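Peer 1: Knowing the structure of chain A, use the given hints to seat chain B on it.
So you can see what is in the structure, the chains are spelled out below.
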Amino acid sequence: MALIGKFLLAGLIGLLIGLGVTFAALRHGVGFGAVEAGPWTAWPKVGAANIDPYLRAALTRSGEIPLGASEGISFLARRDSAGRRLDGACDYTVSGQTPQARYWTLTAMTPDGRLFATPARRNGFTSSEILRAADGGFTIALSTNARPGNWLPLVYRKDFILVLRLYENEFSAGALAFEPANLPMIVKGFCR
Amino acid sequence: MSGLDRFAAGLLWCLGVLCVAGIVHILAVFNLPKLERAEPLVRIAALTNRSDMTLLPHAAPGAEWAPFSDPALAQGACLFDLAHGPMRLSGDIEGDKMLTLSFRTPAGDIFYSMTDRAAQRGGIDVLVLTPEQLETLEAETDEDEPPPRELRLVAPTTKGFVLVNALAAFPSQRTEAEQRVKAISCEPETVAQ
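Order-wise, the sequence lines are chains A and B. Just so we're aligned: the first sequence equals residues 1 to 192 in this note's numbering. Just so we're aligned: the second sequence equals residues 193 to 385 in this note's numbering.
The following block holds chain A by itself, in its conformation from the complex (with noise of 0.2 Å):
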């Protein structure tokens, strides 16, 4: 009887290590392929043919639906350059340059991916609207009171994320390392 008590047991804890490292795993997204540069993180693979289990579970979790390799690719920033959790109660710049693309866009949207409903009807920019400097780079003003030049406007004290989405990029999304350089700084500002 106690035998059988104890492999109940080992099957128990078994079965919750099991779930919590699964849950762990999906969450944090650790691995999966995603590439870092400076405060954003993409995960190439996630538009290929060959998607692995991991990716997939984690797309089920988030609901996303991904773009296609031959489409593009998104990135993602939840800290700033610093390092900083993005906070709505900051103002932020976004500046400096994109890789090569037809187009992109930068999203601000809320930690699960949903739209955020400010009174200026503005989400975020694509590459056409933006207002540039001479030089083709770009600076975009994040706060929640309206700024001059490209203001995305944020929710006051409700934390956000950034997703730039490169669409037609140049090259290879799977064999690419993207150079912190080549992507925008988001540096924090002013906080109320």
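All clues stand as given, with none of them false.
Here are a few chain B residues that sit away from chain A, every Cβ distance over 12 Å (derived from the structure):
hint : residue
1    : Gly195
2    : Leu271
3    : Thr322
4    : Thr367
5    : Ser377
Sample of chain A residues at the chain B side, in silico, Cβ under 7 Å:
hint : residue
6    : Ile13
7    : Gly14
8    : Leu15
9    : Val21
10   : Thr22
11   : Gly47
12   : Tyr54
13   : Arg56
14   : Ile65
15   : Ala69
16   : Ser70
17   : Gly113
18   : Ala117
19   : Ser128
Straight-line C-alpha distance at most 20 Å; calculated EDC-like pairs for lysine to aspartate or glutamate:
hint : chain 1 : residue 1 : chain 2 : residue 2
20   : A       : Lys188    : A       : Asp91
21   : B       : Lys289    : A       : Glu129
22   : A       : Lys188    : A       : Asp159
23   : A       : Lys158    : B       : Glu256
24   : B       : Lys289    : B       : Glu370
25   : B       : Lys374    : B       : Asp317
26   : A       : Lys45     : A       : Glu168
27   : A       : Lys6      : B       : Asp197
28   : B       : Lys226    : A       : Asp52
29   : B       : Lys289    : A       : Glu168
Bear in mind the hints are in silico, worked out from the structure with no lab data behind them. Quantities reported herein were computed from a predicted structural model and do not represent experimental measurements. Each residue gets a CB set at the ideal place from its N, CA and C atoms; glycine is no exception.
Peer 2: Below, chain B alone, put in the same frame as chain A:
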């Protein structure tokens, strides 16, 4: 029982626990997509149950059909079921406006993706078929005939869906982007007897 025996027994139990944990982990990772009832095909089918191109709702705050959707895109989808024959996706491409297509299995795996830059002679013409249908088609074709104009795409699953994205570079171009999505048609191919 000596100390060594106890140690060996404890080690065996631990190995057993690890074994169970490993099996549970692998099973969970492989079966989670099935358990969650969140299969992309099921979610798309809830928005459209016809086989022709249907516009998906515009990603607006509180009304996104899928999280992490780009609000600058106009999106459309068509479902395919190759059980009764191949599916032909075709449409004219105008100018240099970006249009991207992805061909997906019910689980959402992308087996092919392309953009309007891959269009030939101003249009897109893709025939999605099963390996058996491709064999039949090739067996029927004369070797002297010129190579087919369409792209023949073998689907790994009988059912699936095609997702079409058109970028509205400016908010004012949304209607026009939706028109470009609707200009792509998906039709079951009538098989010549």
